[in-house]
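Protein chains in written order, with this note's numbering: chain A, 30 to 519; chain B, 37 to 216.
Because the hints were derived from the structure by calculation, they are not lab data. Among the clues, some could well be false.
Heads up, simulated DSS-like pairs for lysine-lysine below, C-alpha to C-alpha not over 25 Å straight-line [as the list claims (entries may be wrong)]:
1) A:K431 with B:K166
2) A:K248 with A:K51
3) B:K112 with B:K74
4) A:K478 with B:K74
In case you want the letters, here they are:
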Amino acid sequence: MKLFPIRGGIHPDYRKETTCEKAIVAMPMPSALHIPLQQHIGAPAEALVKAGDTVKKGQLIARSQGAISAPQHAPTSGTVVAVTDETAPHPSGLPQATIVIEPDGKDEWAELPAPIADPFAADAQTIANRVAESGIVGMGGAAFPSAVKLNLGSRHKLDTLLLNGAECEPYLSCDDRVMREHADEVIDGARIMAHALGTPNIVIGIEQNKPQAIEAMTKAAATFSNVTVVGVPVQYPMGSERHLVQAITGRETPARKLTADIGVVVHNVATARAVQQAVRFGRPLLGRVVTVGGGAMREPMNVDTLVGTRVSDLINFCGGFASQPARMVNGGPMMGQPLPSLEVPVVKGMSGILALTAAETNEHPVQACIRCGTCVTICPCGLVPVEMAAFIRKDHLDVAAKLGVMDCVSCGSCSWICPSHIPLVHYFNYAKGMLNAQDREKRKNDRVKTASEAHTLRLEKAAEAKRAADAARKAALNKSTPATSEEASA
Amino acid sequence: MLLAVGSLAVMGVALGGILGAAARFLAVEENPLEEELKAMLPGSQCGQCGFVGCGQAAAALARGEAPVTLCPPGGKAVVEALAKKLGVTADLSEHEEKLPEHAYIIEDLCIGCTRCIRECSVDAILGANKLMHAVITDVCHGCKKCVPVCPTDAIIMKPIEVTVGTWHWSKPEAAQPVVH
Numbered sequence: 030m031k032l033f034p035i036r037g038g039i040h041p042d043y044r045k046e047t048t049c050e051k052a053i054v055a056m057p058m059p060s061a062l063h064i065p066l067q068q069h070i071g072a073p074a075e076a077l078v079k080a081g082d083t084v085k086k087g088q089l090i091a092r093s094q095g096a097i098s099a100p101q102h103a104p105t106s107g108t109v110v111a112v113t114d115e116t117a118p119h120p121s122g123l124p125q126a127t128i129v130i131e132p133d134g135k136d137e138w139a140e141l142p143a144p145i146a147d148p149f150a151a152d153a154q155t156i157a158n159r160v161a162e163s164g165i166v167g168m169g170g171a172a173f174p175s176a177v178k179l180n181l182g183s184r185h186k187l188d189t190l191l192l193n194g195a196e197c198e199p200y201l202s203c204d205d206r207v208m209r210e211h212a213d214e215v216i217d218g219a220r221i222m223a224h225a226l227g228t229p230n231i232v233i234g235i236e237q238n239k240p241q242a243i244e245a246m247t248k249a250a251a252t253f254s255n256v257t258v259v260g261v262p263v264q265y266p267m268g269s270e271r272h273l274v275q276a277i278t279g280r281e282t283p284a285r286k287l288t289a290d291i292g293v294v295v296h297n298v299a300t301a302r303a304v305q306q307a308v309r310f311g312r313p314l315l316g317r318v319v320t321v322g323g324g325a326m327r328e329p330m331n332v333d334t335l336v337g338t339r340v341s342d343l344i345n346f347c348g349g350f351a352s353q354p355a356r357m358v359n360g361g362p363m364m365g366q367p368l369p370s371l372e373v374p375v376v377k378g379m380s381g382i383l384a385l386t387a388a389e390t391n392e393h394p395v396q397a398c399i400r401c402g403t404c405v406t407i408c409p410c411g412l413v414p415v416e417m418a419a420f421i422r423k424d425h426l427d428v429a430a431k432l433g434v435m436d437c438v439s440c441g442s443c444s445w446i447c448p449s450h451i452p453l454v455h456y457f458n459y460a461k462g463m464l465n466a467q468d469r470e471k472r473k474n475d476r477v478k479t480a481s482e483a484h485t486l487r488l489e490k491a492a493e494a495k496r497a498a499d500a501a502r503k504a505a506l507n508k509s510t511p512a513t514s515e516e517a518s519a
Numbered sequence: 037m038l039l040a041v042g043s044l045a046v047m048g049v050a051l052g053g054i055l056g057a058a059a060r061f062l063a064v065e066e067n068p069l070e071e072e073l074k075a076m077l078p079g080s081q082c083g084q085c086g087f088v089g090c091g092q093a094a095a096a097l098a099r100g101e102a103p104v105t106l107c108p109p110g111g112k113a114v115v116e117a118l119a120k121k122l123g124v125t126a127d128l129s130e131h132e133e134k135l136p137e138h139a140y141i142i143e144d145l146c147i148g149c150t151r152c153i154r155e156c157s158v159d160a161i162l163g164a165n166k167l168m169h170a171v172i173t174d175v176c177h178g179c180k181k182c183v184p185v186c187p188t189d190a191i192i193m194k195p196i197e198v199t200v201g202t203w204h205w206s207k208p209e210a211a212q213p214v215v216h
């Protein structure tokens, strides 16, 4: 298959070898599970259980609220200990509503929805509904509710389902292991998703540094003529959906648009497996494979973990720390976020937990920009990081927005390559956050304006109604007065 | 010489006449600037600027009688927008940037008198006579008009809390200049 070049990019040291050759290990049941109500982009779920309730494995414990949201299910059977605010696995470390379950050790299943007997005969909505009620979100890291993306077929003309197995982040190998060990399930899930989307073609993009995964997937896909497995060049950020689409189809996603606008929907390989489990067996998303790695880990490995397992329990399972980590990262080293604490739970979008040593974080004091222009050369989005950062430093966010800061995918290539160690991507994350906040404020002001106009209108209407009522009463009084006078005269 | 004086005088009279006629017949009733300024203001008619509503505040701004920093709920964004439109430099030294707030009713103290409901210009307070009142925080824009009318001091202002959804990274520290 002909591939197309993508712009820029970098070649970091991959460091996947410590985990990618070891089979996935299932973690024993931890002593408590902490399930946050928001593990996805969109509105948080609404708790349906309270302290003291007993729950079964797979039981719905929080329902989704609104169009973009996802429900949560009990990962095992046990008792709800509390519904409380706990530290979120988020760089802010802010508290978040969390359901705490104490497992009873029986791991008893609740009654699950019936498997969809023949998914290829079912209509798209049935499959999308099943995916929505199973709480499946994008497992590559963004955690966008998958069912919303499966409904794109009704509004867009789609031709390809692209399964993202690029896994371009260093250290991470969870998708690699899932593809090697569960290739048939991934392919089955992809075919079900393509059926729901109405896309004739399925392309699976895997970076060429994962030859065993490519081989396993090619073998599993051999019987299906519409499924193609493609080895894509090893180039960070190949796993960014826009870049993978461009590398495989040659189509570039327009600024501020979706890949669906150019006919392609991208899902992660682990998401495809979760969809297969939900459709074929009615099982909701209860756990995921997490890469536990980094130089400070004693035994780096891929662990099959239940959602809600504390990161500290996961690290203890992997033998604890070999040395004091300089930084704990949630996700990959390029785009991952710092972990606020080890007492946070594993969530659906958590692909890796990295304990990095000081040598690995490679932190240096910030120096002045030397105008070398390397960040411009390597920016995969064709932006000019040096210029945007200069404007953001002086808080000229409107200028930065004109230069395209909102099109930055935060891949971190510019920060990685900068010889002066300027935290470029940090500037862009700050600017994007500020611009989004300003946008939210503007929308709120618009709402206030509408509410205020409605208020004035309501008062006017009430006054009008009162005047009309007064007039009617007066008229009635005038009518009855002559009558009474007549009576009196009679 | 006479010809020059004469022709210029004739031109002056003629052009002056045209201008005078134009001023009379093509006069604009309202200052168009007012409308534009009004659109920039929050439009919640809260009256914190000292004018009756946003329309009057816009008129005063257009006449140059009010400072661009007059609107407390608008915050820095409105000040900057107004300053840009009016071509003045905003004096932000006096302006203290406060965090967005919303009203909150302490339920133990509320007696259900409905005075705050009547005061609210965006219908953000829910309740009825002798029944508990509550503020719809999503709609409340923090104008504080309800606070003084409460006979039991049951209304306080609370900062809008940052959540995981609204949090974002703060600005990184820049490089220290090298001194040789």
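Against the earlier hints, flag every one the structure doesn't satisfy and list their numbers going up. 1
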